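Enquirer: Going down the list, the protein sequences come from chains D and V.
For reference, each letter of the first sequence is one residue, going 1 to 193 in this note's numbering.
For reference, each letter of the second sequence is one residue, going 1 to 333 in this note's numbering.
If you're looking for bench data, these hints aren't it; they were derived computationally from the structure.
Quick caveat: nothing in here was measured; it's all calculated off a predicted structure.
Glycine included, C-beta positions come from ideal geometry on N, C-alpha and C.
Careful: at least some of the hints might be erroneous.
[Claimed, not checked] Now the stretches of chain V that chain D is said to cover, found in silico as 3 or more residues with beta-carbon under 8 Å:
| hint | region |
| --- | --- |
| 1 | 13-21 |
| 2 | 24-36 |
| 3 | 58-64 |
| 4 | 283-289 |
| 5 | 293-300 |
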Amino acid sequence: MGIAVTAEARAARLMDRLARVLAYLGGIVLTAIAIMTVISTIGRAFVGLQIGLGPIPGDFELVEAGTAVAIFCFMGWCQLNQGHVTVDVLADRLPTSINLLLILIGNLLIFAVAFIIAWRLWMGFGEQVTWFSQDVRDMLGFGYKPFTNNSTYILGMPFWYSYSLAFVGAFFFAVISAFTVWRALNDLLGRDA
Amino acid sequence: MIGFELAIFGFILMLGAIFFRMPIAIAMAVTGFIGSWIIRGSPTAVLSQMNSLPYDGFSSYSLSIVPLFLLMGQFATKSGMSNALFETASDWLGHRKGGVAMAAVGACGGFGAVCGSSLATASTMGQVALPEMRKRGYSDALSTGVLAAGGTLGILIPPSVILVIYAIMTEQNIVKMFLAALIPGILAAFGYMLAVAVYVRIYPDSATAAERKPYSERFRSLGKVWPVVLIFGLVMGGIAGDWNWTKDGVQALFTPTEGAAWGAVATGLYGLWTGGLNRDSFIDCILSTASASAMIFLILLGATLFNSFLAITQMPQALADWISTSGFKAKTV
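Next comes chain D alone, as it looks inside the complex (with noise of 0.2 Å):
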């Protein structure tokens, strides 16, 4: 009896192929400002020797803005895969149509605060840039426009690069945790035609 049970396994084929390569992407991204933040120790250790060799600069700026990306897009496989830590002293004492129910609750606020997380970031990626009229940017909904687009202070790397990779991760988030209250309802409903 639930609903569109033929899609929803087509559509767990694509969340998982989306969640993995947003993964793999952050995983890049970590390992990249791990391996980064090395040889910018490996060229501090030699700065004394005046040959050149010194810290990347900004380094730590890097490492926030993979950070914040690498974190954002981990975010949907994370969800996908029931990560999140629930406690269940309580809830196994409980028949398994109640639990089923209390997953689809649980589901249905993860997708509304992934669903707020993703629509305030894009806000956010908007304070950054000093794009369009401002006309345009209450279409978008990206508030009074900035002096600059705003950036980074040793780097001047702008604001908007990590914020639009982290959008991506987020907007995927929503959308994989509303897949998760589809599969969810499924489950508390049964799948048999």
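Please arrange chain V on chain D, whose structure you already have, making use of the hints.
Expert: This is chain V only, laid out in the frame that chain D set:
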């Protein structure tokens, strides 16, 4: 006082939701969000807070230690260090009654020195130690029990992901936390071994003893654990050691974040060298790191939202006032 009651109600609601299987992160986030909405009378303030709160929270130099240590632990599980640790520990302890179980505890402790998570430690050492204990006729109760207990060494012995989070949330020094946890971690390892020794005397059927290895062989097998010693020394020596005696105070070689990056890269390189880390296992590492990091960071976000709700209810101040005006002595509090 309406804020105070709302805060109490928020606490009850959050805990109730957690006990009814709501994800912990979400229980805190939703309670915090709705609570702030009620106090402010409109969701505008908390919504505009959300424009920058998640990004600012996640783009943190000190929190980047968490995914880096998780990645390091995942690399360590694939690189074959667990086998070497368990073999060495078995060579030293295996001849005692219940010795393989003690060796599993010891190996967990050793593995905890390159892995910051209990779950990863218990599951990795489980793959190595459980088949061996079963083969030698150890009871399931004993063998699974020592692994569950040994897994806790993963978060006690530095690096530890939980200690990093605790240190950041309470604004403590991460390095000092690590050093403070090292001795209790080692004590716990010995305590667990002692517990095994007592247990096998009460239930003699639950364990066997292997043959005694000569000392020459034991010392030779110590050589097998060099990567663990090297990586632990690199990470902890780098962040906690004093590398410049000419200056006052401790001049560490690098920050905890840099130490975590070094640990992840060094463990990864060792995994590539042993062949334990290939394309497929690297993908496994990334996916496990992804799940664990996202879980932890969403909890941190939820906690931040809940905290900012508590802050605007002024409950912390009210509580502090109540305690300071209650006339209780410091000890009573």
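Enquirer: Evaluate each hint against the coordinates.
Expert: Hint-by-hint comparison with the structure:
Three residues within the 8 Å Cβ limit are the bar, and the region 13-21 of chain V against chain D gives 4, so the coverage statement holds. Here the region 24-36 of chain V counts 6 residues with a CB under 8 Å from a CB of chain D, which clears the bar of 3, and the coverage holds. By the rule of at least three residues with a Cβ nearer than 8 Å to a Cβ of chain D, the coverage given for the region 58-64 of chain V holds, with 6 such residues. Three residues within the 8 Å Cβ limit are the bar, and the region 283-289 of chain V against chain D gives 5, so the coverage statement holds.
Counting residues of the region 293-300 of chain V whose C-beta sits closer than 8 Å to any C-beta of chain D gives 6, which meets the bar of three, so the coverage hint holds.
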